[in-house]
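Visitor: Sequence lines, in order, name chains X and P.
For reference, each letter of the first sequence is one residue, going -9 to 341 in my numbering.
For reference, each letter of the second sequence is one residue, going 36 to 213 in my numbering.
Hints in this document: simulated from the structure, not taken from any laboratory.
Cβ coordinates follow ideal geometry from the N, Cα and C atoms, glycine included.
Be aware that one or more of the hints could be misleading.
Have a look at the derived ranges for each label pair, beta carbon to beta carbon [unchecked claim]:
| hint | chain 1 | residue 1 | chain 2 | residue 2 | range |
| --- | --- | --- | --- | --- | --- |
| 1 | X | Leu49 | P | Val193 | 52 to 62 Å |
| 2 | X | Lys136 | P | Asn61 | 12 to 22 Å |
| 3 | X | Gly37 | P | Asn61 | 20 to 30 Å |
| 4 | X | Leu52 | P | Gln82 | 49 to 59 Å |
| 5 | P | Ala99 | X | Phe296 | 28 to 38 Å |
| 6 | X | Gln312 | P | Ala99 | 50 to 60 Å |
| 7 | X | Pro100 | P | Asn61 | 29 to 39 Å |
| 8 | P | Leu142 | X | Trp318 | 18 to 28 Å |
| 9 | P | Leu103 | X | Pro272 | 24 to 34 Å |
| 10 | X | Tyr338 | P | Val193 | 20 to 30 Å |
| 11 | P | Gly136 | X | Tyr338 | 24 to 34 Å |
| 12 | P | Leu111 | X | Phe297 | 32 to 42 Å |
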Amino acid sequence: MDLRTIVQLVVIGLTFFMLINASAILVLAERKIMGFMQQRYGPYLVGPHGVLQPLADILKLLFKEELRPKGADKWLFTLAPILSVTAAFAAFATVPWGAETTLFGLLDQPIKLGVSDVNVGLLVIFAITSMGVYGIVLAGWSSNSKYSLFGGLRASAQMISYELSYATSLAAVIMLAGSLSVREIVDGQAGTWFGFIQQWWIFAQPVGFVIYAIAGVAETNRAPFDFPEAEQELVAGYNTEYSSVRFALFPQAEYINMATMSAVATNLYLGGWHGLLPFYTPLDPLIEEYGLGWMAFLAKVGGFLFFYIWMRWTVPRYRYDQLMSFGWKFLFPLSVINLIVTAALVLYLNA
Amino acid sequence: MPENVVFYAFAALAIGASALVIGQRNPMYSVLLLIASFGALSGLYIQLDAPFVAVAQIIIYAGAIMVLFLFVVMLLNAPREDAAEYDRSHPLAHPGIGRFGALLATLLIVQLVWALTKVAELKTPVGSRSDASSVGSVVEMGRVLFTRHTFAFEATSVLILVAMVGAVVLARREGTEQ
């Protein structure tokens, strides 16, 4: 094996490692931010300022007894969490997270930071994200419990409804960039308009970005759209009957899905690794020169994730019928109009 | 050599899962096995250098249509097809119809094998054919869809629209009766 292959494998391993840790860090961040917003400390006892709390959570979950209801379907009950977490990890496979780099001259040919780069990358992400619903539906069905079944049914209805708006808002960006490869879409956003505004697609697609953000929250089943697990109605929703490691895989899948959603938003709308802030700063040429784009990328993903958590503890949960009518009667028509207007403008400007 | 191994693995998975789909008593397992079969098919498409078709297969069949199937199976809550509850007086359960169906199935297989032996293009790999680029690249595929196959494309959309209107009409009628 040559050096290049080894480095590529290290990059793939690093992506996997980052995703695993993303869920741990996000659990801590969520509890700390929630504490801050509710004027209390949040987890504080394990380690300095409670930073080892995720470790304690994981150990506790590992040592719990694994229970399975008597009426549960043996195979599907085990398969459901595995499917969930596999789909979550696999969806990140075509998300690039940095510009091409030679690692400060270590390699002759630059390598691409990211697991893989295929020419229909965006569609692959979309396809695998849509497979995530099976884990939740099967968990709901195989538990043989009313609450779980309702959670699973709600999850599937919600994800099917919001996938439409989600995909349509993505299609508008694909039209602007003229490519299905995520890396090409990101590289189409290099440079500035009028010398001070970053050439990000969010400025060309403000409506699309808002639709993507809302549909993304609904896709990952987060508050204010977390109906599959609405506590006051469904106990804990689709994961009511789960315990121990099987249970732990569901929140992990959810946090990884959040990370994927934020990474895709950063790549598609916020310029990926091009530029740190929405306007030009003297830092930008330095970032490009030293190949530190991945740091700008991580910073933007972190900001987007903070926005996710912030929203969860600010906005109260909707009612289920409100969610459905909002998705079908407002968000979907809006995204179709956005798509048509974008298509017309692209045709007009290219002619 | 690795290509062959991957091909046979995907082919075995596709055939095995498809065979198990009709062999299952539990409709839930049938749906899941069908998804596995679609996944294996999409792997075969990737081997044919048609990534767009592969991804479309996953998005449309495994991601959208099968979720709907799963939904229906869950809502009907049909746990298993029991032999004891099998309705033998149903007109379609007549043995003559079953034999006729078996005859048709045999005919179809014979026809397929015969047709496959006649296609000369089967011997040339997809990558080296004249219209290879229309399968591999999304841009070319779109161009072919909107120029050479416009009629089929538009006819399909009308067909889907008709099915959608039909579904809405059926759902509405049931709603007003209650």
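Visitor: Confirm or reject each hint.
Guide: Comparing the hints with the structure gives:
Under the hint 52 to 62 Å, the C-beta atoms of Leu49 of chain X and Val193 of chain P, about 59 Å apart, fit the expected range. Checked against the given bound of 12 to 22 Å, the beta carbons of Lys136 of chain X and Asn61 of chain P, roughly 20 Å apart, stay inside it. Here the CB-CB span from Gly37 of chain X to Asn61 of chain P is close to 48 Å, at odds with the stated 20 to 30 Å. Leu52 of chain X and Gln82 of chain P have their C-beta atoms about 40 Å apart, which leaves the hinted 49 to 59 Å range violated.
About 32 Å separates the C-beta atoms of Ala99 of chain P and Phe296 of chain X, a value consistent with the hinted range of 28 to 38 Å. Between Gln312 of chain X and Ala99 of chain P the C-beta distance comes to about 24 Å, which lies outside the given range of 50 to 60 Å. Between Pro100 of chain X and Asn61 of chain P the Cβ separation comes to about 52 Å, which falls outside the hinted range of 29 to 39 Å. Hint check: Leu142 of chain P to Trp318 of chain X, Cβ distance near 45 Å, so the stated range 18 to 28 Å is violated.
For Leu103 of chain P and Pro272 of chain X, the hinted distance range of 24 to 34 Å is not satisfied, since their beta carbons lie about 53 Å from each other. A C-beta distance of roughly 29 Å is found between Tyr338 of chain X and Val193 of chain P, which places it inside the suggested range of 20 to 30 Å. As the Cβ distance of Gly136 of chain P to Tyr338 of chain X is approximately 56 Å, the hint placing it in 24 to 34 Å is violated. The given range of 32 to 42 Å is respected by Leu111 of chain P and Phe297 of chain X, whose C-beta atoms sit roughly 40 Å from each other.
Of the numbered hints stated above, those contradicted by the structure are hints 3, 4, 6, 7, 8, 9, 11, listed in ascending order.
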